[in-house]
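Asker: Now for the letters of each chain:
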Amino acid sequence: MSEHFDAIVVGAGPAGNSAAYTLAKAGLKVLQIERGEYSGSKNVQGAILYSDALEKIMPDFRDDAPLERHVVEQRMWILDDESYIGGTYRSANFSKPPYNRYTIIRSQFDRWFSKKVRDAGALVVCETTVLDLHMDGRRVVGVRTDRDNGSVYADVVILADGVNSLLARKAGFHGELKPKDVALAVKEIHFLPEQTIEERFSVKGTEGVVIEMAGRITQGMVGTGFLYTNKESVTIGIGCLLSDFKKSGIAPYALLEQMKAHPAIRPLLDGGEMKEYTAHLIPEGGYNAIPAIYGDGWLMVGDAGMFVNAVHREGSNLAMTTGRIAAETIIDLKARGKPMTARHLAAYRKALDGTFVMKDMKKYRDVPAVMDKNRQFFTDYPHLVSQAARTILTVDGVDKKTKERAIRKEFARTRSTLGLFADAFKLWRAFE
Amino acid sequence: MMRVEEKLFQNRYRVDGARAHIEIVDGDVCAVHCQDKPCTFCCPAGCYAMDNGGRVTVITDGCLECGTCRVICGEHRNVRWEYPRGGYGILFKFG
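These protein sequences, in sequence, are chains A and B.
Numbering-wise (my numbering), the first sequence opens with residue 6 and increments by one.
Numbering-wise (my numbering), the second sequence opens with residue 399 and increments by one.
What the hints contain is simulated information worked out from the structure, not anything from laboratory work.
Among the clues, some could well be false.
[To be verified] When the alpha-carbon atoms are kept at most 27 Å apart in a straight line, the in silico BS3-like pairs for lysine-lysine are as follows: (1) A:236 to B:491; (2) B:491 to A:120; (3) B:435 to A:185.
What you are looking at is a predicted structure, and each value in this text was computed from that prediction instead of being measured.
Chain B with its partners taken away, still in its complex shape (with noise of 0.2 Å):
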C-alpha cells in the first residue's frame, strides 16, 4: 500500500516559507475539548498530527488546499484557513 507522504511526492509545490496559509487558533480547544479530532484522520493529504499529550499540529506543506480540515472542524471553528498568497502552495500538474 502507497503511503500518503509517497503520493504527495508526486505533486508540484511552491511552499510560502513566510506564512503558512492554515493555523490553528487554540491548541487547548484540540487538546482539551475535541474528542475524536476528525483533522488527523480526514486531511487526504495526512498535513495533521497528534503528539502524546493529545496536541495537533498543522504542518501546511503537502496541503492539497481541498477545505476538508476547515468544514470538518465546524464545531469548534478551531482552524484559521486562508487560500495561500498568490502563485503559492500546491501547483497541478494536471488536475
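Only chain A is shown next, with the shape it has when bound in the complex (with noise of 0.2 Å):
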C-alpha cells in the first residue's frame, strides 16, 4: 500500500462517503479506508435520512438506497411522568414524491452508498484501522493503518472519523472533547410485523412517523427521546449530555429502560422484538465547539468536526454537505493546480460558512449554554403544562375561571412571575 493518492478519506459514514463519491466522480485517485467489517458495520445514527443534502450529491438516490419509511408525521411530546402533551404536524403533502425525508437503517444505507463509492472508482478497503497521520513537519501527508507496510500517501487526509476522531487529538490539532459537548445517546431497535406498524401508528404503505420527546424521561437531564418508525421496526432511543449523566449517576441504560416504561411509549413498543442495542455520542457543542477543520493537507468533516444541529436533531445532513463540500474545495484546487495548503484549504470553511450548515450552527449557538444554566426546561415546564392541560380537561365541577387561576397561581409559585417573563425571553434570545 505505498502508492500515492489524491487523496486520503479516514472514515465510512455519510461525511466520508459523501465526500469519497464527489471526489472519485471527479476522476481523482481516492482512497478510502474503514475500520469495520463492511462500511456501515461501525456507524449509528437515529436515523433520519434528509434528501436534500443527498440529492445534491446523488440525485437519483432514491432508485435503489435501501429506504424505511418517508416520514409523514412528525409528533413533538412533553412528557412527564403519567402523561404527554403535545403537537402533531401531519401533511399529505409529505406523501407526494418526491419525499423529503425518510427514516433508514445505518448498517444498510451505508452499505449501499459504500457501493457507489466504489463505482464511483474510489479504492475502498475495510477491516483497517488508521493509526496515526504521518506528518513532514505541519503538513499531513498519509496515514498509519494496522495492516503490516500499512502506510499509505496522498496529497490531502479527509478526516470523516466520527465524534471521538482520535487522529486530529493525536496530532494535537484539538484538544479532548468535554463531556458538556456531547451527549450520549442509546438506542433500540424493535421489530414488529409490518401492518401492527401501519395500524398503531395510522400509516399505511412506506409512510413513516416520528415522534421528539422531552421532559421527565431524562430525569432532569438536558436532552431529548426518540421514537421513529421503520419498515418492520421501531427505533426507539434518549440521550442526554454526558455531563449530566456524570452528575446524575444515572445509567444510560437504565433510563432507556424507564422511558420505555412510560404509559404513553409502553404501548407502542408492544410484542415487539428487541434485536439491537447501541450506544452513541453525539457532538452537541454547536458553534461555539466547532474545532479547527482544516489545515496543512487534511480537512475535516461530519461529526468529527462537530457538524450537528442539536436543536433540529439534523446530524447526518450536515456530514452529508461538509463531506460534499471538502471534495469540492479539493477538485477544484487541484484543477487550478494550487498545493493543498492551508491557504488554500481555508475556501473550505469559506464555502460553508455560505451553507445552511453554518449559518444554522451559528443561529443556534447560544442554545446549548441556555439549556444547560435553565434546567426548568427540563424539569418544571412538561410537569407544569402537563398538569395545566388535565386541570382544564378534567370534568369536575369546578368552573373554568377558577381552573385559570389555580394554573396560573401554579406556574407563578413554581417560577415566580418574574422569572417565567425571564424564561420566555431566554428561549427567544437563544431561539430566535
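The task is to assemble the complex, starting from two chains supplied on their own in separate frames and drawing on the hints.
Answerer: Here is the structure:
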C-alpha cells in the first residue's frame, strides 16, 4: 500500500462517503479507509435521512437506496411521569414524491452508499484502522494503518472519523472533547410486523412517523428521546449531555428502560422483539465548539468537526454537506494546480460559511449554554404544562375561571412571575 | 426491567482475544484520586466495575465503542482508548 493518492478519506459514514464519492466522481485517485467489517458496521444513528443533502450529491439516490419509510407525520411530545402533551404535524404533502425525509437503517444504507463510492472509482479498504497521521513538519502527508506496511500517502487527508476523532487529537490539532459538549445516546431496535406498525401509527405503505420527546424522561438532564418507525421495526432512544449523566449517576441503559416503561410509550413497543442495543456520542456543543476544520494537508468533515444541529436533530445532512463541500474544495484546488496548504484549504471553511450548515449552527450558538443553565425547561415546565392540561380537561364541577386561576398560581409559584418572563425571554433570545 | 447484559446479548461482536482496545493506565489513580468513578455508571455497556477495594476494572467484550469512558475520564486521563484492530469489536447489524 505505498502508492500515492490524490486524497485519502478516513471513515465511511455519511460525511466520508459523500466526500469519497464526490472526489471519485470527479476522477481523482481516492483511497477510503474504514475500520469496520464493511462500511456501516461501526455506524450508529437514529436514523433520519434528509433527502436534500443527498440529492445534491446523487440526484437519483431513490432508485436503489435502502430506505425504510418516508416521514409524513412528526410528533413533539412533552412528557411528565404519567402523561404527555404535544403537537403533531401531518401533511398529505409529505406523501407526494419526491419525499423530503426517510427513516433508514444505517448498516444497510451505508453499505449501499459505499458501493456507490466504489462504483465511482474509489478504492475502499475495510477492516483497517488508521492509527496515526504521517506528518512532514506541520503538513499531513498520509496515514499509518494497522496493516503490515500499512502506510499510505496522499496530497490531502479528509478526516471523517466521527465524533471521537482520535487522529486529530493525537496530531495535536484538537484538544479533548468536554463532557458538556457531547450527548450520550442509547438506542434499541424493536421488530414488529409491518401491519402492526401501520395500525399502531395510522400509516400505510411506506409512510412513517417520527416522535421527538422531551421532559421527565430525561430525569432532569438536558436531553431528548425519540421513536422512529421503520418498515418492520421501530427504533427508540434517548440522549442526554454526558456531563449530566456524570452528575446524575443515572446509568444510560436504566434511563432507556424507564423511558420504555412510560405509559404513553410502552404500548407503542408492545409485542416487539428487541434485536440490537447501541450507544453513540453526539457532538452537541454547537457553533462555539467547532474546532479547527482544516490545516496543511487535511480537512475535517461530519461529526469529527462537531457538525450537528442539536435543536433540529440534524446531523447526517450536515455530514453529507460538509463531505461534499470538502471534496469540491479539493477538486477545485487540483484543477487550478494549487497545493493543499492551509491557506488554500481555507476555501472550505469559507464555502461552508455560505451554506445552511454554518448559518444554522451560528443561529443556535447560545442554545447549549442556555439549556445547561436553565434546567427548568426539562423539569418544571413539562410538569406544569401537563398539569395545566389535566386541570382544564378534567370535568369535575369546578368552573373554568377558578381552574385558570389555579394554573396561573401554580406557574407563578414554581417559577415566580418574573421568572416566567425571564424564561420566555431566554428562549426567544436563544432561538430567534 | 431488562438488564444491560441481556441487551448486549442481542449484539454481534468479533472479540479480539489478543488485545484489549481499552486499558486503565494506572489503577491507583482510580482507587485513590477519583472520587466518583463515573466510568462505572456512565458506560452504556457496563464495561467498568469497582471492586471492594475501590479498584476499577474494565472488560471490553461488550464495548459499543462510543467513547464515553474516554471523554468522561478527562480530568484524570487514565483511560487508554484506541479503536479495536480493523474488523474487530462491535459489528452493528442495524446501527
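Asker: Between residue 491 of chain B and residue 120 of chain A, is the straight-line Cα distance small enough, at 27 Å or below?
Answerer: holds, 18 Å
Asker: Taken at face value, is the distance from the CA of residue 491 of chain B to the CA of residue 236 of chain A at most 27 Å?
Answerer: holds, 16 Å
Asker: For the pair supplied as a hint, residue 435 of chain B and residue 185 of chain A, is the alpha-carbon distance within the 27 Å limit?
Answerer: Given that 27 Å is the threshold and the Cα spacing comes to 17 Å, the pair holds.
Hint compliance for this structure: every hint is met.
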